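Q: Chains as they are written, first to last, in my numbering: chain A, 1 to 123; chain B, 1 to 295.
Because the hints were derived from the structure by calculation, they are not lab data. Treat the hints with caution; some may be incorrect.
Derived lysine to any residue pairs resembling SDA-like cross-links, with alpha carbons at most 20 Å apart [unchecked claim]:
1) A:K8 with B:A126
2) A:K8 with B:L161
3) A:K8 with B:R165
4) A:K8 with B:T125
5) A:K8 with B:A130
6) B:K207 with B:P252
7) A:K8 with B:M168
8) A:K8 with B:P164
9) A:K8 with A:D18
10) A:K8 with B:P252
11) A:K8 with B:A77
12) A:K8 with B:P123
13) B:K207 with B:M168
14) A:K8 with B:M1
15) A:K8 with B:T117
16) B:K207 with B:L156
17) B:K207 with B:R133
18) A:K8 with A:V20
19) A:K8 with A:A43
20) B:K207 with B:M1
21) A:K8 with B:E127
22) A:K8 with B:K207
23) A:K8 with A:G29
24) A:K8 with A:D98
25) A:K8 with A:E78
26) B:K207 with B:A130
27) B:K207 with B:D271
28) B:K207 with B:L157
29) A:K8 with A:A25
30) A:K8 with B:D273
31) A:K8 with B:R83
32) A:K8 with A:E58
33) A:K8 with B:D195
Small disclaimer: the values here were computed from a predicted structure and weren't measured.
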Amino acid sequence: MRLVDYEKQLAAAMRARDPVAAMRAIYPGVDADGVRMTALLVARLRFERLMRGSPEAEASFDRDPASFARDFARYHAEVPPRAFFPADEATLFRAWRDRQASPPPVRSRIVAPKRLSQRRSRR
Amino acid sequence: MIPVGFTLQPDPEFLERCARIIAGADYWEVAPETLWRHRSDGRLEENGYHRRFAEMSRRGRFFVAHGVGLSLGSGAAVDARRRRAWLQRVRADHATFDFRWYTDHLGASSVDGLAMTLPLPLPMTAEAAAVVRRRLSQMQRIVGDVGVENNVAYFLLGDALDEPRFLMDCVRARGCHLLLDLHNVYTMATNFGFDPADYLRRLDLRKVIEIHVSGGSESDPRWLPSGRVLRLDGHDGAVPELVWRMLEAVAPRCPNLRGVTLERMEGTVGDGDVPLLAAEMQRLRATVQRRRRRA
Numbered sequence: 001m002r003l004v005d006y007e008k009q010l011a012a013a014m015r016a017r018d019p020v021a022a023m024r025a026i027y028p029g030v031d032a033d034g035v036r037m038t039a040l041l042v043a044r045l046r047f048e049r050l051m052r053g054s055p056e057a058e059a060s061f062d063r064d065p066a067s068f069a070r071d072f073a074r075y076h077a078e079v080p081p082r083a084f085f086p087a088d089e090a091t092l093f094r095a096w097r098d099r100q101a102s103p104p105p106v107r108s109r110i111v112a113p114k115r116l117s118q119r120r121s122r123r
Numbered sequence: 001m002i003p004v005g006f007t008l009q010p011d012p013e014f015l016e017r018c019a020r021i022i023a024g025a026d027y028w029e030v031a032p033e034t035l036w037r038h039r040s041d042g043r044l045e046e047n048g049y050h051r052r053f054a055e056m057s058r059r060g061r062f063f064v065a066h067g068v069g070l071s072l073g074s075g076a077a078v079d080a081r082r083r084r085a086w087l088q089r090v091r092a093d094h095a096t097f098d099f100r101w102y103t104d105h106l107g108a109s110s111v112d113g114l115a116m117t118l119p120l121p122l123p124m125t126a127e128a129a130a131v132v133r134r135r136l137s138q139m140q141r142i143v144g145d146v147g148v149e150n151n152v153a154y155f156l157l158g159d160a161l162d163e164p165r166f167l168m169d170c171v172r173a174r175g176c177h178l179l180l181d182l183h184n185v186y187t188m189a190t191n192f193g194f195d196p197a198d199y200l201r202r203l204d205l206r207k208v209i210e211i212h213v214s215g216g217s218e219s220d221p222r223w224l225p226s227g228r229v230l231r232l233d234g235h236d237g238a239v240p241e242l243v244w245r246m247l248e249a250v251a252p253r254c255p256n257l258r259g260v261t262l263e264r265m266e267g268t269v270g271d272g273d274v275p276l277l278a279a280e281m282q283r284l285r286a287t288v289q290r291r292r293r294r295a
């Protein structure tokens, strides 16, 4: 496998829901614990970069660590880590949060009540 | 005498607590990219710590650069622009700090253009070694002496004891050196189950320009579904006794050694840790002096 192809696979694996499966697709014998630990550390370093760059994110984390950790996990999965510096990570995170908070587009508004009714009917 | 160095971390608490240790070091190691910020036009500029470190009274001390962000093993074209900006910034820093040498880690911290921060393992192939050599050659146009640090990886694409061969292939050019991190060898040996002496025996110690000594800690068993605990290279704890013994054994066999550095991460130094760090610096100096007497 060429190095550039390896990089693509590796980048995807580190943010995959199942990094071990993603890595084993290219290197079947790779150590599962080692891959999981690496993906965890990549996420942790990104988290630390965000904390250094964003006082607001840090305050959110201090207020409710569990809820922030869930948000961060979604952010990490959804937004490729293109920021190499804390301030840039803060900008990416703010943009992602704003997208979460903004009103859904018209089509989604129509769908939303149906989803709600489905949820009620399941109860 | 082999100089003894200490890391400078851009953190006010670290700098305050470690002030006496910093003052007692023969040289200071900085990660250049921790002294930068990104401008909106894409250029990299100095942050406040850049000036603070540049203004420190040197009195015979010197700086060495040890980065993590250049990403020696990245081959992706998508990262080329960033690497160019990085090297331009290092050139400007070199004009300020006059780095004696500049090292980075074996691995790729920028992968397919994405910031992984942690240097990730490379396939130990001729192609990957050629990419690392190309990066080192680019670094050498700025700082004459450059090097690669043996990295900690938590998974490998091959045999851990094949890594020394790969490393030596990466640094075979003139002016390219090995930064031998003994805690990294210890961590890899612990996690992969090999004897550190077997790893060290496979290295050409004539290439070693600097040795790193540090500590770490163990992962939380809840982090992995298997419950397995791995040794982590966190630079957040005492130097293990085995690492001291490795230093005693290996330093006298490195004829071109130019410095031994004690590394410590910011945010990990409490008041109670300062005497321990001071004692570690003393022990480092004593060990290096013993090496000189033996030589």
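Q: Could you run down the list of hints and mark each one as holding or not?
A: Now for the hints, and whether the structure bears them out:
The straight-line distance between the Cα atoms of A:K8 and B:A126 is roughly 19 Å, inside the 20 Å bound, and the hint therefore holds. This hinted pair does not check out: A:K8 and B:L161 have alpha carbons roughly 26 Å apart, beyond 20 Å. As the CA atoms of A:K8 and B:R165 are separated by approximately 25 Å, the hinted pair breaks the 20 Å bound. Straight-line distance between C-alpha atoms of A:K8 and B:T125 comes to about 17 Å, which keeps the hinted pair within the 20 Å bound.
Among the hinted pairs, A:K8 with B:A130 is consistent with the structure: their alpha-carbon atoms are about 19 Å apart, no more than 20 Å. Between B:K207 and B:P252 the CA atoms are separated by roughly 13 Å; this keeps the pair inside 20 Å, and the hint holds. Proximity of A:K8 to B:M168 is assessed by CA-CA distance (about 26 Å); at most 20 Å being required, the pair is judged violated. Between A:K8 and B:P164 the CA atoms are separated by roughly 26 Å; this puts the pair beyond 20 Å, and the hint is violated.
A C-alpha spacing of about 16 Å is found between A:K8 and A:D18, which places the hinted pair at or below 20 Å, so the restraint holds. For the suggested pair A:K8 and B:P252, the alpha carbons sit about 42 Å apart, so the restraint of at most 20 Å is broken. A hinted pair counts as satisfied when its Cα atoms are at most 20 Å apart, and A:K8 with B:A77 qualifies at roughly 12 Å. The suggested pairing of A:K8 with B:P123 holds, with an alpha-carbon distance near 13 Å, which does not exceed 20 Å.
A hinted pair counts as satisfied when its Cα atoms are at most 20 Å apart, and B:K207 with B:M168 qualifies at roughly 8 Å. Pair hint A:K8 plus B:M1 does not hold up; C-alpha atoms about 46 Å apart against a cutoff of 20 Å. Of the pairs offered as hints, the one joining A:K8 and B:T117 holds, with about 16 Å between alpha carbons and a cut-off of 20 Å not exceeded. With a CA separation close to 23 Å, the supplied pair B:K207 and B:L156 exceeds the 20 Å bound.
Taking the CA atoms of B:K207 and B:R133, the gap is near 15 Å; set against the 20 Å cutoff, the hint holds. With a C-alpha separation of about 15 Å, the suggested pairing of A:K8 with A:V20 holds against the 20 Å cut-off. Using a Cα cut-off of 20 Å, the hinted pair A:K8 and A:A43 holds, with the two alpha carbons roughly 17 Å apart. Distance hint between B:K207 and B:M1 is fulfilled; the C-alpha atoms sit about 18 Å from each other, no more than 20 Å.
Taking the CA atoms of A:K8 and B:E127, the gap is about 16 Å. The hint holds against a cut of 20 Å. With a C-alpha separation of about 32 Å, the suggested pairing of A:K8 with B:K207 is violated against the 20 Å cut-off. Taking the CA atoms of A:K8 and A:G29, the gap is about 19 Å. The hint holds against a cut of 20 Å. With a CA separation close to 29 Å, the supplied pair A:K8 and A:D98 exceeds the 20 Å bound.
Distance check on the hinted pair: A:K8 and A:E78 sit about 16 Å apart at the alpha-carbon level, within 20 Å; holds. For the hint linking B:K207 to B:A130, the alpha-carbon distance of about 18 Å falls within 20 Å, and the restraint holds. Between B:K207 and B:D271, the direct Cα distance comes to roughly 37 Å. Violation of the 20 Å bound is thereby established for this hinted pair. For the suggested pair B:K207 and B:L157, the alpha carbons sit about 24 Å apart, so the restraint of at most 20 Å is broken.
Annotation: proposed proximity of A:K8 to A:A25 holds, straight-line Cα distance about 13 Å (limit 20 Å). Taking the CA atoms of A:K8 and B:D273, the gap is near 42 Å; set against the 20 Å cutoff, the hint is violated. Simply put, A:K8 and B:R83 have alpha-carbon atoms about 18 Å apart, close enough for the 20 Å limit, and the pair holds. With a C-alpha separation of about 31 Å, the suggested pair A:K8 and A:E58 falls outside the 20 Å cut-off, and the hint is violated.
Taken as a hint, the A:K8 and B:D195 pair is broken in the structure, with Cα atoms around 33 Å apart against an allowance of 20 Å.
Against the hints set out earlier in the document, violations occur for numbers 2, 3, 7, 8, 10, 14, 16, 22, 24, 27, 28, 30, 32, 33.
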